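Respectively, the protein sequence lines represent chains A and B.
The number in our numbering is simply the position in the first sequence, starting from 1, with 549 added.
The number in our numbering is simply the position in the second sequence, starting from 1, with 129 added.
These are calculated hints, taken from the structure and not from any lab test.
These figures come from a predicted structure and were not determined experimentally.
Some hints here could point you the wrong way.
The calculated EDC-like cross-link candidates involving lysine to aspartate or glutamate, where the alpha carbons are at most 20 angstroms apart (straight line), are [as the list claims (entries may be wrong)]:
#, chain 1, residue 1, chain 2, residue 2
1, B, Lys349, B, Glu390
2, B, Lys349, A, Asp620
3, B, Lys349, B, Asp434
4, B, Lys404, B, Glu458
5, A, Lys579, A, Asp620
6, B, Lys349, B, Asp250
7, B, Lys404, B, Asp430
8, B, Lys349, A, Glu695
9, B, Lys349, A, Glu700
Calculated from the model, a selection of chain B residues having no Cβ within reach of chain A, i.e. all distances over 12 angstroms [what the hints assert, rightly or not]:
#, residue
10, Val190
11, Ala205
12, Ala252
13, Val253
14, Arg267
15, Pro274
16, Ala348
17, Lys349
18, Arg350
19, Pro450
20, Ser451
21, Gly512
Some chain A residues judged to face chain B by a derived CB distance under 7 angstroms, without partners named [to be verified]:
#, residue
22, Arg640
23, Tyr645
24, Gly651
25, His655
26, Leu668
27, Glu685
28, Leu689
Each residue gets a CB set at the ideal place from its N, CA and C atoms; glycine is no exception.
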Amino acid sequence: MTGEARAEARSLAEPMIALERVSRSFDGGKTFAVREVTLRIPGGAFVAIVGGSGSGKTTLLKMINRLIDVDQGAVSVAGRAVESVPAHELRRRTGYVFQEVGLFPHLSIGENIAVTPRLLGWPAAQISARVAELIELVGLPHSYLERRPAELSGGQRQRVGVARALAARPAIMLMDEPFGALDPVTRDALGTEYRRLHQNMNLCTVMVTHDVMEAVLLADRIIVMRQGAVVADDTPHALLCDHPDAGVRALMDMPWRQAERVRALVESRANNG
Amino acid sequence: MDDRVAAAARLLPDYLGQHVALSAAALGLGLVISVPLVLAARRNARLRWAALALSSVIQTVPSLALLALFYPLLLALSAAAERTFGHGFSALGFLPSLLALTLYSMLPIVRNGTAALMNLDPAVIEAARGVGMTDRQRLVRVELPLAAPVLMAGVRTSAVWVIGTATLATPVGQTSLGNYIFSGLQVENWISVLFGCGAAVGLALVTDQLLGLVETGLAKRSHAAAWLGAGLLLAGVAVALVPVATAGKATYVVGAKSFSEQYILGELMADKVRKQGSSATLRAGLGSAVAFRALASNEIDAYVDYSGTIWANVMGRTGTPSRQVLLDEMDQWLRRERGVVLLGALGFENAYALVMRRAHAQALGIRSIADLARQAPRLRIGGDFEFFARPEWRAIRDRYDLQFRDRRQFCWKTWSR
Numbered sequence: 550m551t552g553e554a555r556a557e558a559r560s561l562a563e564p565m566i567a568l569e570r571v572s573r574s575f576d577g578g579k580t581f582a583v584r585e586v587t588l589r590i591p592g593g594a595f596v597a598i599v600g601g602s603g604s605g606k607t608t609l610l611k612m613i614n615r616l617i618d619v620d621q622g623a624v625s626v627a628g629r630a631v632e633s634v635p636a637h638e639l640r641r642r643t644g645y646v647f648q649e650v651g652l653f654p655h656l657s658i659g660e661n662i663a664v665t666p667r668l669l670g671w672p673a674a675q676i677s678a679r680v681a682e683l684i685e686l687v688g689l690p691h692s693y694l695e696r697r698p699a700e701l702s703g704g705q706r707q708r709v710g711v712a713r714a715l716a717a718r719p720a721i722m723l724m725d726e727p728f729g730a731l732d733p734v735t736r737d738a739l740g741t742e743y744r745r746l747h748q749n750m751n752l753c754t755v756m757v758t759h760d761v762m763e764a765v766l767l768a769d770r771i772i773v774m775r776q777g778a779v780v781a782d783d784t785p786h787a788l789l790c791d792h793p794d795a796g797v798r799a800l801m802d803m804p805w806r807q808a809e810r811v812r813a814l815v816e817s818r819a820n821n822g
Numbered sequence: 130m131d132d133r134v135a136a137a138a139r140l141l142p143d144y145l146g147q148h149v150a151l152s153a154a155a156l157g158l159g160l161v162i163s164v165p166l167v168l169a170a171r172r173n174a175r176l177r178w179a180a181l182a183l184s185s186v187i188q189t190v191p192s193l194a195l196l197a198l199f200y201p202l203l204l205a206l207s208a209a210a211e212r213t214f215g216h217g218f219s220a221l222g223f224l225p226s227l228l229a230l231t232l233y234s235m236l237p238i239v240r241n242g243t244a245a246l247m248n249l250d251p252a253v254i255e256a257a258r259g260v261g262m263t264d265r266q267r268l269v270r271v272e273l274p275l276a277a278p279v280l281m282a283g284v285r286t287s288a289v290w291v292i293g294t295a296t297l298a299t300p301v302g303q304t305s306l307g308n309y310i311f312s313g314l315q316v317e318n319w320i321s322v323l324f325g326c327g328a329a330v331g332l333a334l335v336t337d338q339l340l341g342l343v344e345t346g347l348a349k350r351s352h353a354a355a356w357l358g359a360g361l362l363l364a365g366v367a368v369a370l371v372p373v374a375t376a377g378k379a380t381y382v383v384g385a386k387s388f389s390e391q392y393i394l395g396e397l398m399a400d401k402v403r404k405q406g407s408s409a410t411l412r413a414g415l416g417s418a419v420a421f422r423a424l425a426s427n428e429i430d431a432y433v434d435y436s437g438t439i440w441a442n443v444m445g446r447t448g449t450p451s452r453q454v455l456l457d458e459m460d461q462w463l464r465r466e467r468g469v470v471l472l473g474a475l476g477f478e479n480a481y482a483l484v485m486r487r488a489h490a491q492a493l494g495i496r497s498i499a500d501l502a503r504q505a506p507r508l509r510i511g512g513d514f515e516f517f518a519r520p521e522w523r524a525i526r527d528r529y530d531l532q533f534r535d536r537r538q539f540c541w542k543t544w545s546r
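Okay, chain A solo, but in the shape it has when bound (with noise of 0.2 angstroms):
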């Protein structure tokens, strides 16, 4: 057996992230947020979780780094129970992005990125070195390190939040809508750049998104849910092409929708050019 056939064995048998009939209510059991799901996502793997507004996606990703504790299940990363270790030392080794970015105003742009390494331990010397390696990565200027979050855009602020993410060399990457909040432009022009940075380090992404044509360009593999349930789980090909769910279909059908109608569009004006 190669070296390579062994890793790929063994990524079978354990998988980066594991959840196990992990359930969770948040009224005492009357109703679930997530119910009864289970999932294998192995290293590398660059997930999409779509569904409407209360389905339970941003709490399925939020027990994989204990933002939110699941009530009956068992989740593991890397083979490992995450209760095992204590909450925060789980979420130093696991990046997370959200919509609202959340940098720390009262800290330069260099001091938010360094802040994992920093809690962490790492030398200084260390630590401005990944400082400045991850500026470039997420493709801004150096002399941002020195300014303030409310100094920058949007977009920029996200790209902080990535490389914050990114600092301590996670191996999984958690994405609560990252984009959302971005104008149409920046926003595919940063998943496309977080895309490659995926393919570049290997990452293991799960990404919450309620934009199918992004799940659709992004992610290798595309999980649906409703009413805290794994509707469908494939690739995107897979999942565009048919399914027997009519609600999957209705959602999938979406970026066809949108496609046939941009191709229209500009055959019309072909055509009356």
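Let chain A serve as the given structure and place chain B on it in line with the hints.
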């Protein structure tokens, strides 16, 4: 320079020093209590409610009353301590003032502190959890730095309140810039009143500006400005405290109540002691009941009181025996019951009397108190703060059934003009 200005200026180091010592101690103690309270209330809605409600209620108690209430409270505590541990503590002056002002200082700090910590951007809190901070790291590295400017604004408000209210510490026996105001009011020395006001306002303004520098420093993350403000503030406190710290403790403390005759008599006694080569200080402006308790509990060494006041208010006696009988009985009682020695009568009669304008009295045909009682429902009576609460007044009122149309109370000095 005007003599009165010069006289006031000579007292400034002592008054200002004591005022600063009191205000700084109260604000410091207020911070030491309020900040942990704010932190504890951060996660506990019930405690938060209780802290805010309590500090708001304290704020609604008139500040002079708050100061006055601590005196009997501490007196009782001191008596209890004396019984339990064998020695009590001074219930007069610094301690009641400190406690009242500390309570008074808490509201702005607690209110601003909780508001600042409760209204932090939830996204920033989520990010702090997301990057892997422990609760403590989140508090120290994110929440406190972000809340600091608002908390500091509360400290500023609190400092200004405390400095202003500390002028009211004079009646409970704590020297402050209020001494200028209270004594000036009694003897109509408006220069003294203005001097006291000016000094208190100046002190409050300077303190506010320096705390403002700290606040700006915190808000703009300029450590230099914050440290400069804090440093100047501490230096100012240290300089103001020099005269207080270096002043030797006087051998004798003479007390005086808060009207002009008492200021003069007290000053005369203190002078007499000084001329005999001992040191003496005057604690003027004491409330009438406060003065006797202060003497009985050994906080002042001597003061002038009035036989009627001791007889009726302290001894709780009624009836009006002859002068000599009264003095003898009083002497024995004071010695026996309170361990107080009556040094002797000063030799002047100082009794309350009912007076009317002659023309008015003649027009109404009033020649006796019995005549007055008939006309009383159409007349207004005036008296000093104390008079209507005294047994003499109650006795004469009940005896003659005096029912006046209206009753007004005046400050002794204004009333006697």
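Practice prompt. Check each numbered hint from earlier against the structure, then list the numbers of those it violates in ascending order.
Written response: Numbers 1, 2, 3, 4, 12, 13, 14, 15, 16, 17, 18, 27 and 28, in rising order.
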